[in-house]
Amino acid sequence: MNQEFFNLEVKTGGQKLYEFTDQTINWIKKNNFNNGIVNLSIQHTSASLIVQENADPDVQTDLINYFDKLAPMDNKLYIHTTEGKDDMPAHIKSALTNNQISLSVRNAELLLGTWQGLYLFEHRINAQNRIIIHHFIGD
Amino acid sequence: MNQEFFNLEVKTGGQKLYEFTDQTINWIKKNNFNNGIVNLSIQHTSASLIVQENADPDVQTDLINYFDKLAPMDNKLYIHTTEGKDDMPAHIKSALTNNQISLSVRNAELLLGTWQGLYLFEHRINAQNRIIIHHFIGD
Amino acid sequence: MNQEFFNLEVKTGGQKLYEFTDQTINWIKKNNFNNGIVNLSIQHTSASLIVQENADPDVQTDLINYFDKLAPMDNKLYIHTTEGKDDMPAHIKSALTNNQISLSVRNAELLLGTWQGLYLFEHRINAQNRIIIHHFIGD
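Going line by line, the protein sequences match chains A, B and C. For the first sequence, numbering that gives the first Met the number 0 assigns the number 0 to the initial residue and increments by one for each residue that follows. For the second sequence, numbering that gives the first Met the number 0 assigns the number 0 to the initial residue and increments by one for each residue that follows. For the third sequence, numbering that gives the first Met the number 0 assigns the number 0 to the initial residue and increments by one for each residue that follows.
Bear in mind the hints are in silico, worked out from the structure with no lab data behind them. Mixed in with the good hints, there may be bad ones.
All copies of an identical chain are treated as equivalent in the list; a pair is satisfied when it fits inside any one copy or across any two copies.
Claimed, not checked - Restricting the straight-line Cα-Cα distance to at most 27 angstroms, the calculated cross-link-like pairs of lysine-lysine (DSSO-like) are: (1) Lys15 to Lys84; (2) Lys15 to Lys75; (3) Lys84 to Lys68; (4) Lys68 to Lys15; (5) Lys10 to Lys84; (6) Lys29 to Lys10.
Next comes chain A alone, as it looks inside the complex (with noise of 0.2 angstroms):
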């Protein structure tokens, strides 16, 4: 048995989904895995990990507006304000969608549909930096 950790960091800059399939892939190609599972899990609850169509960009103008107004970035609604009006939602976003996703590799491949591309939807406004771990365990 084979296991590998690798901390993807995303440097993020306001609401917007980030691709990062080619950085999971190369590492995937580096480190000849074989067959496995490739766990990754994102260290924050204000942002979130999700497969998502690779190919017109207004799917992902669209999640982002259908999600802000489905957890509305108003102060009025939620209690936890101290942090900016964008952390509850966010907190929404996150609880919503997922902090964690399990893909299988066979072959050497990553095992994504055709129009399947891996995001980390940024909820928060302001720059952050996202840690992404990847964990392979398999041969």
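Assemble the complex: chain A is given as a structure, and chains B and C must be docked to it using the hints.
Relative to the frame of chain A, chains B and C by itself:
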């Protein structure tokens, strides 16, 4: 360490929950898996994988209706409308639920609760061919 | 390869977040796990597992209130009402969050961010006995 892969194909015909618990359990039995993780990932971003109640079918109807209200099929709400009024809501429902589930197998038994079933949640209106990757890692 | 299982029982008393980070970490320490995945799965579809902020308890109150507004306890909205006004909203909240989380362990340490805690999110009003399966695979 033992690893096996299996692509389950599900032909869908509209916005419904399609149960596949038996297919997953049969695959585990056929391969004599003992202890390990079954990693399920759907290779599409307009359908989801969910674990839900398998007792009262009304729960499924309520879930479908609820998600349709939460992400309405109304082109005026979205920029990405070229693939039909159901496509952007499908991506949103995918983001709100799951693309991927990891289940544990212990002593050859899939560890689901008494009332839990595995479902493909189809968000598109028209017929689709969906692939759910099954990946076992264990012994 | 080492695999261990442990059923954590959590007695809940109403719609709240119940932290169990310490129980998971203690189980890892007691068993001297080194590197691997801890797969957590809740055996119920009316409560969730989430990773959330462990600093300001107001975040938890806001989350509970938010999800109650998003999936209201109003029998007129649902067909499945026989198990109480909180049951169908509980299934919806379960679908909107997670039944299952995979966490990484590296050098005997559970890889959670500084402000992250593990929570059972109870969606039912009455007291419940919840089982969270812990499954370690690694070395």
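Do the hints match the structure? See the list:
Taking the shortest alpha-carbon separations for lysine 15 and lysine 84, both the intra-copy value of 17 angstroms and the inter-copy value of 23 angstroms come in at or below 27 angstroms. For a Cα distance limit of 27 angstroms, the shortest separation of lysine 15 from lysine 75 qualifies both inside one copy, at 24 angstroms, and across copies, at 22 angstroms. In this homomeric assembly, lysine 84 and lysine 68 come within 27 angstroms of each other (Cα to Cα) both inside a single copy, at 14 angstroms, and across copies, at 19 angstroms. With identical chains, the CA atoms of lysine 68 and lysine 15 are at most 27 angstroms apart both within one copy (15 angstroms) and between copies (25 angstroms).
Only within a single protomer do lysine 10 and lysine 84 lie at most 27 angstroms apart by alpha-carbon distance; the minimum there is 21 angstroms, versus 34 angstroms between protomers. For the homomeric pair lysine 29 and lysine 10, the shortest alpha-carbon distance inside one copy (23 angstroms) is at most 27 angstroms, but the shortest distance between copies (37 angstroms) is not.
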